[in-house]
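K.L.:
One-letter residues, chain by chain:
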Amino acid sequence: MTTEAKIKPKVAFFDFTSCEGCQLNKLNLENDLLDILEHIDIVEFREAMDDKAEEYDIAFIEGSISTPSCVERIHDIRRRSKMLIALGACATQGGINAMKNLHPIEEVRETVYGDDKYLFPTLPAMPISAIVKVDYKIDGCPMSMPEFLKVLKSLLAGQEPIKPDSAVCVECKLKENECVFDKGMVCLGPITRGGCDAICPSFGQFCTGCRGLISNPNKNAMLEILTEHGISLDEAKKRILLFNSYDHSQSLPK
Amino acid sequence: MKKYQLNNKQLPSFIDHLKKQGTVFAPHKKGDTSYSFEKVENPNSVVLDYNRTLNSVKKYFLPPREHLLSFSKTDNSFRKGSFKNEKKIFLGVHSYDMKAVLKLDYNFSQGNPEENYLQRRKDSSFIGVSFIPDEFHFSQSVGIPLHDTEGFDIYLEQNSDGYTVKIITEKGEKLIDGFDRVSKAKDISSNHVQFQNKLKYNYNRLPEVFEQSWNAAVWEEVSKKCVGCGTCNLVCPTCYCFDVEDNLDLSLQTGTRDRSWDGCMLNGFAAVAGGENFRETLAERQRHRVHRKFKYISDITGEPWCVGCGRCTAYCTAGISIVEIVNQLCDEYEQNYLNRPAVVGLNAERL
Ligand code: SF4
Ligand code: SF4
Ligand code: SF4
Ligand code: SF4
Chain A
249 MTTEAKIKPK VAFFDFTSCE GCQLNKLNLE NDLLDILEHI DIVEFREAMD DKAEEYDIAF
309 IEGSISTPSC VERIHDIRRR SKMLIALGAC ATQGGINAMK NLHPIEEVRE TVYGDDKYLF
369 PTLPAMPISA IVKVDYKIDG CPMSMPEFLK VLKSLLAGQE PIKPDSAVCV ECKLKENECV
429 FDKGMVCLGP ITRGGCDAIC PSFGQFCTGC RGLISNPNKN AMLEILTEHG ISLDEAKKRI
489 LLFNSYDHSQ SLPK
Chain B
1003 MKKYQLNNKQ LPSFIDHLKK QGTVFAPHKK GDTSYSFEKV ENPNSVVLDY NRTLNSVKKY
1063 FLPPREHLLS FSKTDNSFRK GSFKNEKKIF LGVHSYDMKA VLKLDYNFSQ GNPEENYLQR
1123 RKDSSFIGVS FIPDEFHFSQ SVGIPLHDTE GFDIYLEQNS DGYTVKIITE KGEKLIDGFD
1183 RVSKAKDISS NHVQFQNKLK YNYNRLPEVF EQSWNAAVWE EVSKKCVGCG TCNLVCPTCY
1243 CFDVEDNLDL SLQTGTRDRS WDGCMLNGFA AVAGGENFRE TLAERQRHRV HRKFKYISDI
1303 TGEPWCVGCG RCTAYCTAGI SIVEIVNQLC DEYEQNYLNR PAVVGLNAER L
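If you read the sequences in order, they're chains A and B.
So in our numbering, the last one in the first sequence is 502, and the numbering has no gaps at all.
So in our numbering, the last one in the second sequence is 1353, and the numbering has no gaps at all.
For reference, chain A alone in the conformation it holds in the complex (with noise of 0.2 Å):
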């Protein structure tokens, strides 16, 4: 490594709608965390400190667009930053949030807010590039930490972050993990974009979609499989949607 003192990139992560779980999620990184700050200099976390600054040269990004105001502050986000990370399936593709986008808005503000709708502004939860432009996307909920170091590193190195795009399936046959419908549960890995490493089937738990969809997925046939292994085709969308409402809602057979 050179000695000469080199100059950190300005790192600043901010949160949008979401439980704030991803940063949190990050903080964890414990050992590695140290080894990343030899990297970048974080200048904007909300969740770790209070220091501003003005410009970034990477801005990660948490949580969906649900109000006017998200809209105006991830403008002057984006307007501010050389490159801009979508993290968490909030972020990435609106993720549960955008649940409520399958009901009608006022029926969800009068649910949420009863007599005092009207203080409070709503729209459809978006994800942050149905705003401004996202540079890369880190999925996952919370988002996927392995996923995250890859992508810093990648940048940090000057070079372009591989998207993973085959199914968590793969994953699950590089482990040799017995399948969860051999375990009699059904799964979403058939058609849920990889990169986590098949965490939850793993664990004997099956994939509820929170990385989103590979880039091609057959929904029909998901949908078929799903039904032959015994829900029922309104269960079998539901759990579709759980995750990939904004993205995958109007796509659905109905």
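Think of the hints as simulated: they come from the structure by calculation, not from any bench.
Some clues are possibly wrong.
[Said to hold, decoys possible] Looking from chain A toward chain B, a few residues come up when the C-beta cut is under 7 Å (computed):
| hint | residue |
| --- | --- |
| 1 | N279 |
| 2 | D283 |
| 3 | D363 |
| 4 | D364 |
| 5 | K365 |
| 6 | Y366 |
| 7 | K401 |
| 8 | P409 |
| 9 | K411 |
| 10 | V428 |
Note that beta-carbon positions come from the ideal geometry of N, C-alpha and C, so glycine has one too.
Let chain A serve as the given structure and place chain B with the ligands on it in line with the hints.
P.N.:
Here is chain B with the ligands on its own, set in the frame of chain A:
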């Protein structure tokens, strides 16, 4: 051929005898209903009466994930890993999986020999075991008789009290040498086992079918049910495709070059720089997969490259069956090419 009788209760001591000679790998229970090859720690956990293992023994010669080399950008150097020289004994291999190893040997020694595979493959002995074909096995249809012993050093054929031990090679003779608890082989009337699952044509008729298979309707039909998960590739004992990726560690100066199994049903497989994908649709990919098993390599070697293990079908969540695909190809072939009169007439007119 020398034969002995090995009773069930002698099996653990036989395995102990093998363990003295090398590392023994054998099928174990895995999960609720599955089996996998594992290194034998306790001879009592070995299960020789099993239908199929999730992965074949291929995983020991071509691991699902491996470091090919480690590199350093600081001094532009790289270092390959080394291989343990250990004697490996694979116990309880089915005849189709043995055939698959022989096929991989061919694939990896042709052209540019694949060093890592060939290194790992050294010093391996194989002890086969008979099996009862279930609804997915069809190895007989692809030319592998149930008790095919090619590749084995010893073959265990199940009988009412245990196993008839057949010594196939000199290596096998040495493996059993000194194990004094075997007795004279019992006379077994090898009962005739039937395969429930069959290809419509014998494998030696498949080349004519695969001459006409490119535009078959089956590819499109099957692709409606297929989700492109790649399971059928990854569990196949004769699939050997892989992907290679460089991974930096956090110093950003050193890292590893890693490879992992890949498969032609997957999105990245036929994608090239610039975003082009040579096989965009699942129908094209399914056609490619099946042609890899029954045509491309077979045209060169004269053998099907599918060993009829049934894994791709048993583990496909969409229930897509390779036997049904090939049988439909046979049907389409019969309808379109064997019922000749109309076609012949047409051709004759043109002439
Ligand atoms: S458990 Fe799920 S992800 Fe794993 S192989 Fe089965 S269907 Fe695929
Ligand atoms: S297995 Fe499925 S639900 Fe679990 S982390 Fe991976 S993508 Fe998410
Ligand atoms: S395992 Fe089945 S669903 Fe998955 S890619 Fe193969 S044929 Fe398609
Ligand atoms: S194609 Fe299917 S049946 Fe044939 S060897 Fe491969 S996994 Fe087994």
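K.L.:
Evaluate each hint against the coordinates.
P.N.:
Structure-based check of all given hints:
1. N279: 9 Å, violated
2. D283: For D283/A, the interface hint holds, since the closest Cβ of chain B sits about 4 Å away, which is under 7 Å.
3. D363: At 47 Å from the nearest chain B Cβ, D363/A fails the 7 Å test, so the hint is violated.
4. D364: 45 Å, violated
5. K365: Violated - the Cβ of K365/A stays beyond 7 Å from chain B, reaching only about 41 Å at its closest.
6. Y366: 45 Å, violated
7. K401: Since the shortest Cβ distance to chain B is 5 Å, the answer is holds.
8. P409: For P409/A, the interface hint is violated, since the closest Cβ of chain B sits about 11 Å away, which is over 7 Å.
9. K411: K411/A check fails; min Cβ-Cβ to chain B is 9 Å, beyond 7 Å.
10. V428: 9 Å, violated
Going through the hint list in order, the structure does not satisfy hints 1, 3, 4, 5, 6, 8, 9, 10.
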